[in-house]
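Colleague: Assemble the whole structure, with the sequences as input and the hints as a guide.
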Amino acid sequence: MANHSIKKIWRKANVIAVEKPANYCPISLLGVCCKLLERLALQRISPTVEGSLSPDWAGFRKGRSTCDQVATLTTFIENGFLLNLKTGAVFLDLTAVYDTVWHTGLLHKLSKSMPYWFTRLGVLLLRDRRFRVHMGNDTSSWRPQRNGLPQGYVLALVLFNL
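Numbering follows the working numbering, in which position 116 of the sequence shown is assigned residue number 116; successive positions increment by one, without gaps.
Mixed in with the good hints, there may be bad ones.
Unchecked claim - Taking lysine to aspartate or glutamate and the EDC-like style, the derived pairs with C-alpha atoms no more than 16 Å apart in a straight line are: (1) LYS12 to ASP128; (2) LYS7 to GLU38; (3) LYS12 to GLU38; (4) LYS8 to ASP128; (5) LYS7 to ASP128; (6) LYS62 to GLU50.
In short, the hints are calculated from the structure, not lab data.
Modeller: Printed below as a string of structure tokens:
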């Protein structure tokens, strides 16, 4: 990365369409070297990310789960009930959240909250990303990925939380 580039092969994903009862689930097969680089970056950046998140946020965080959030909500409702208060809740379905990530917006957000090296790595990993889809015996041509994060992208969970 000394010359500020990453091999093209690292930014290519082979997407396998796995058949499910009602539709297909895309699984991206990414390069091992790229995943290793992402894991190293993830280890270095995790303390910074953890320090910037609210203690109440549980989404995609180590040691936290949906069960914790349900228990917290239940306790909040019970405490309100004891005080004769009403409680409202809003639930948000983030279906296909990785498919719609806007790269420019994400990189801007990184530049405001993360160290320069991590922002630069984000640029290198997201720029000129390509994919092709394998379905049965058929394979599409290579296509540019202008938005979204590949399924299996090691840094996706951290980037989602920012």
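Colleague: Could you tell me which of the numbered hints above are not met by this structure, giving the numbers in increasing order?
Modeller: none
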